[in-house]
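Undergrad: Sequence:
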Amino acid sequence: MAKIENSYEFMLNNLNTIVDDLENGNLTLEEAINKYEEGVKLINKLYKKLNTLEGKIKIVSNDIEKDAGDELNGYR
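Take the sequence shown: its letter number 8 is residue 8 in this note's numbering, and every next letter is one higher.
No wet-lab data here; the hints were simulated from the structure. Hints may be right or wrong, so weigh each one.
Claimed, not checked - When the alpha-carbon atoms are kept at most 27 Å apart in a straight line, the in silico DSSO-like pairs for lysine-lysine are as follows:
| id | residue 1 | residue 2 |
| --- | --- | --- |
| 1 | K58 | K41 |
| 2 | K66 | K45 |
| 3 | K3 | K66 |
| 4 | K58 | K35 |
| 5 | K35 | K56 |
| 6 | K45 | K56 |
| 7 | K3 | K58 |
Work out the full structure, taking the sequences as your base and the hints as a guide.
TA: Below is the structure:
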């Protein structure tokens, strides 16, 4: 089972927190740069996770279409 820290929702929540911190304006320049860097890393992880999940959805969809096509061919 995937760790909670690697879940899409957890990472997205962390990214939202970073955005809130940056928008608040109470960070030093160094803190803001570190938060920005952390946010960019999270965005990259989120994109990778989305691409992986999209691939899984395509596989499942293709399997469903194939199964449905096989069933329809049986009725002809």
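Undergrad: Are the hints correct? Go through all of them and say.
TA: Hints and how they fare:
{"no.": "1", "hint": "K58 to K41", "in the structure": "holds, 26 Å"}
{"no.": "2", "hint": "K66 to K45", "in the structure": "violated, 32 Å"}
{"no.": "3", "hint": "K3 to K66", "in the structure": "violated, 33 Å"}
{"no.": "4", "hint": "K58 to K35", "in the structure": "violated, 34 Å"}
{"no.": "5", "hint": "K35 to K56", "in the structure": "violated, 31 Å"}
{"no.": "6", "hint": "K45 to K56", "in the structure": "holds, 17 Å"}
{"no.": "7", "hint": "K3 to K58", "in the structure": "holds, 24 Å"}
Hints 2, 3, 4 and 5 from the list above are not met by this structure, while the remaining hints are.
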